[in-house]
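Student: Each chain, letter by letter, is given below.
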Amino acid sequence: MTAETAVGTIGGRAAKFRTCQFTGLKVDTAAQTLIKVNAVAAVIFLLLGGVMGLLVALTRWPAVHLLPAELFYLVLTGHGANVLLFWIIFFEVAVLYFASAILLNSRLATPKLAWLAFLLMVAGAVLANVAVLRGESSVMFTSYPPLMAEPIFYLSLILFAVGTLIAVGIFFATLVIAKEEGTYEGSIPLVTFGALTAAIIAVFTLASGAIILIPTLLWSVGLISNIDPLLYKVVWWGMGHSSQQINVSAHVAIWYMIAALLVGAKPLSEKVSRTAFLMYILFLQLASAHHLLAEPGLDPSWKIVNTSYMMYLAVVGSMVHGLTVPGSIEAAQRRNGFDKGMFEWLRKAPWGHPAFSGMFLSLVMFGFIGGISGVVLGTEQLNVLMHNTLYVPGHFHGTVVAGTTLAFMAATYLVLPLIFQREIVWPTLAKWQPYLFGIGAGMISLFMMGAGTLGMPRRHWDITFSDAVIGYEPSAGAFLMMGLNGIGALLASVGGAVFILVVVGTVLFGKKVQSGHQLTFPLHAGGGKAASEYGSHATTKLPGTAVLVAIFFVSFVLYYFINWKYLSELWLFR
Amino acid sequence: MAVLPPEQRIWWKEPIEKVELVWVIIAVLWGFFMFGFMIAWHFIGEQNLSPEAYRILPSNYEAKVEAFAEEHTVGEEEGVPIVAPPPGGDAYMLGRTFDWWPILQLEKDQSYRFHISSVDLQHGFSLLPTNINIQIHPGYEHVITLTPTETGEFGIICNEYCGLGHHVMTGKIIVVDKKTADSGQSPVAVSKLADGEVTQ
Amino acid sequence: MSDTQSEETGPAERQEPIPMMQRILDSPFLLLFLGVVVPTVLYTIWGVMEVASIPLAQ
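Those protein sequence lines, which keep their order, are chains G, F and W.
What the first sequence shows, in my numbering, is residues 596 to 1169, in sequence order.
What the second sequence shows, in my numbering, is residues 24 to 223, in sequence order.
What the third sequence shows, in my numbering, is residues 393 to 450, in sequence order.
Since the hints were derived computationally from the structure, they do not count as laboratory data.
Incorrect hints may appear among the rest.
To be verified - The calculated DSBU-like cross-link candidates involving lysine-lysine, where the alpha carbons are at most 35 Å apart (straight line), are:
id, chain 1, residue 1, chain 2, residue 2
1, G, 1160, F, 36
2, G, 935, G, 1136
3, F, 41, G, 935
4, F, 41, G, 774
5, G, 611, G, 707
6, G, 707, G, 1107
7, G, 943, F, 41
8, F, 36, G, 935
9, F, 36, G, 774
10, G, 943, F, 36
11, F, 41, G, 1136
12, G, 621, G, 1107
13, F, 36, G, 621
14, G, 611, G, 631
15, G, 631, G, 1136
16, F, 36, G, 1136
17, G, 1160, F, 131
18, G, 774, G, 631
To be verified - Far from chain G by the CB rule (all over 12 Å, computed), these chain F residues:
id, residue
19, 82
20, 90
21, 93
22, 107
23, 183
24, 195
Treat the numbers as computed from the prediction; the structure is a model and nothing was measured.
Glycine residues also receive a C-beta, built at the ideal position from the N, C-alpha and C atoms.
Bound conformation, chain G alone:
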């Protein structure tokens, strides 16, 4: 694949470039190495967090009830940290480097600092696992005071956050360098704009984290006597929820990227897609208030403005991406010749390509499962129906697992040949992986949401309440849901294991991609340049996508009102 290795001496650093034979992009080899190490670290923590997730699911499966209580709460804390923070954020750093240096044909700003960032993040992530495994920090991912962990737990998270902040700074610096050195003309690509959105949200996220975790660390070593639990929650969720909004921005950018590389899809309108990202930049972080709707003392006006992302303008952003991604795929597919009827474009889409199937499943499940449930859960009054029930993890497994994780897995099937320059080993296994993982993740989300609707609590070791003084017997339906959730978790775990197997196999034993190589999972035949010439004016009719979004909208409205009906049947309170 190394068609030519050019040495550029632009700017301060002599950067080494190679030209990608598939996309024509200039690749800074220092950036390439950093993308590789961050992606590898991500996958390692996915493995660790995934195993912990399986142990959690098997314990909550009433018929199995695997772990003892103490170990269950320990593993649950570790599961949250490893997958919700480490897997996701290492991968996001790789995405940031890719979307800046590679997509802009630029060198990466200060690779040395990027290595420092990486080392800090690794140190933080390893230390966090040490802290959790020591057993004295089973405080859950949220670590609500007055529940106290060991100081090393908070310290590890701060280290990780500092590393991430440096990486985000390098992304911004690379944007500046690329602009100054004129490595691209006009505006940055849409995918880079999506990454910019993620980076901006990351700054708010990490600042919130620093503001709250540093005093909490001081409190845990005894230098501060008291942390107000309500104040902590307000600021902490500025980090906790916003970090998941980084995911949303990053995986939407990845949807656009995969659609572009695989079927030559071009956004229907730069203006609309970028404005949708702007809505994310301005308002997505406000949804941190979703976690404070059941709290004492906060005024409804604060709750409504924030929980609605300012009149749902950020939700409009997501709904726009939900139309424009399949819409651009439909437009591209119709140009590719699949123009018969309503859905030939979708039927003849590259479903055997794991990057495509993963991306499309991620898109559908993020919208239908994670998206709709998120809006319902985040409605001020409806929240009381499911606050802290299993509905909450059900919702965010729909966004972070079926949405983000699946999208990142799909992107990995492009990173392996393009960045690692390795041919994917076991292509048949790889082909099925997104379906296995996607269906498993979808089941986990749906059944947890179902159990939560029946009042099943989250973070709970024994729902039979067999040792409680005053017993309580949950309904048989709730137990059934927990069993089905366990089966979904097994399926997702098999999918996750296959993913890790394929990735590790490819990195270690994959055939080197040579010059003139035909990929097993090809990119769009026209290559990047050809696809870029399509104009939005060529795509007037998108009947298939219109039907898809109509189905989505009807489901959304119906589900929304069903929950108001549930609410109206509750006891009265005001």
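Got chain G; can you put chains F and W on it based on the hints?
Tutor: Relative to chain G, chains F and W alone:
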């Protein structure tokens, strides 16, 4: 293409596809509707979480709940007092590791000023199977005007992790008919009756 | 709408100016500023004030 810079120098003036424009309009209107509906429910709905809350020392709250229980105790179950506050009056409950205390006996369709707080960690008040879920903070006394609309025994569990005994943290609210309460029947008997119903 | 960059051989001032919104969307640091200030004011500062204004119990 989304991975390359836009071809047009000025892309802001490119026309928007009709299907896209229609969808944006629908999405914006739906967003405004959902926003308005939350506000409207404060006027038309009967389930709105009260913002009334006070800062209080956990020990002071504990003392208040104990005084309340002493005044209105009508029975006992598993060593936990059953407390029946007067309709329209104040009802107190506290969460602590690892129980909800005391057991309250309320009357159907009567409203109570329901006070709740924690004396140690954060807890999750989860009333089942009704499915009302409220976060409880130490140091904050939350006051909710609560009106039960059905009779029976309702379990309270904790759905905020609060340590190793989290999963045994439970409590109970008993809701009786106004008539039953008036007839002078002993509340313990009422509770036994309801117990029988549940375990059948 | 100027079609392609290859046509733009004339002096820069003869080109149609870039619309305001496009210029805003092309300024990463302005967006960074907005993306940090909006949630900091609406969510964090307002939220902290809500918590701070909870009255003491008698």
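Student: With reference to the structure, classify each hint as holding or not holding.
Tutor: Tested hints:
1. G:1160 - F:36: Given that 35 Å is the threshold and the Cα spacing comes to 44 Å, the pair is violated.
2. G:935 - G:1136: 12 Å, holds
3. F:41 - G:935: 21 Å, holds
4. F:41 - G:774: At roughly 34 Å apart (the allowed maximum being 35 Å), residue 774 of chain G and residue 41 of chain F satisfy the hint.
5. G:611 - G:707: 14 Å, holds
6. G:707 - G:1107: Holds: residue 707 of chain G and residue 1107 of chain G sit about 27 Å apart, inside 35 Å.
7. G:943 - F:41: Roughly 25 Å between the alpha carbons, so the hint for residue 943 of chain G and residue 41 of chain F holds.
8. F:36 - G:935: 31 Å, holds
9. F:36 - G:774: Holds - the C-alpha atoms of residue 774 of chain G and residue 36 of chain F are around 23 Å apart, at most 35 Å.
10. G:943 - F:36: 33 Å, holds
11. F:41 - G:1136: 9 Å, holds
12. G:621 - G:1107: With Cα atoms ~19 Å apart, residue 621 of chain G and residue 1107 of chain G stay inside 35 Å; holds.
13. F:36 - G:621: Satisfied, since the Cα-Cα distance of roughly 30 Å is no more than 35 Å.
14. G:611 - G:631: Within the cut-off at roughly 16 Å; holds.
15. G:631 - G:1136: Between residue 631 of chain G and residue 1136 of chain G the Cα gap is close to 40 Å, so the pair fails against 35 Å, i.e. violated.
16. F:36 - G:1136: 20 Å, holds
17. G:1160 - F:131: 21 Å, holds
18. G:774 - G:631: With Cα atoms ~25 Å apart, residue 774 of chain G and residue 631 of chain G stay inside 35 Å; holds.
19. 82: It holds; residue 82 of chain F is separated from chain G by about 14 Å at its closest Cβ, greater than 12 Å.
20. 90: Label holds. Min Cβ-Cβ 21 Å, cutoff 12 Å.
21. 93: 20 Å, holds
22. 107: Correct as stated: the minimum Cβ-Cβ distance to chain G is 17 Å, above 12 Å.
23. 183: Given that some Cβ of chain G is not farther than 12 Å from that of residue 183 of chain F, nearest at about 6 Å, it is violated.
24. 195: Residue 195 of chain F not clear of chain G: closest Cβ-Cβ about 5 Å, inside 12 Å.
Checked against the numbered hints listed earlier, the structure breaks hints 1, 15, 23 and 24; every other hint is satisfied.
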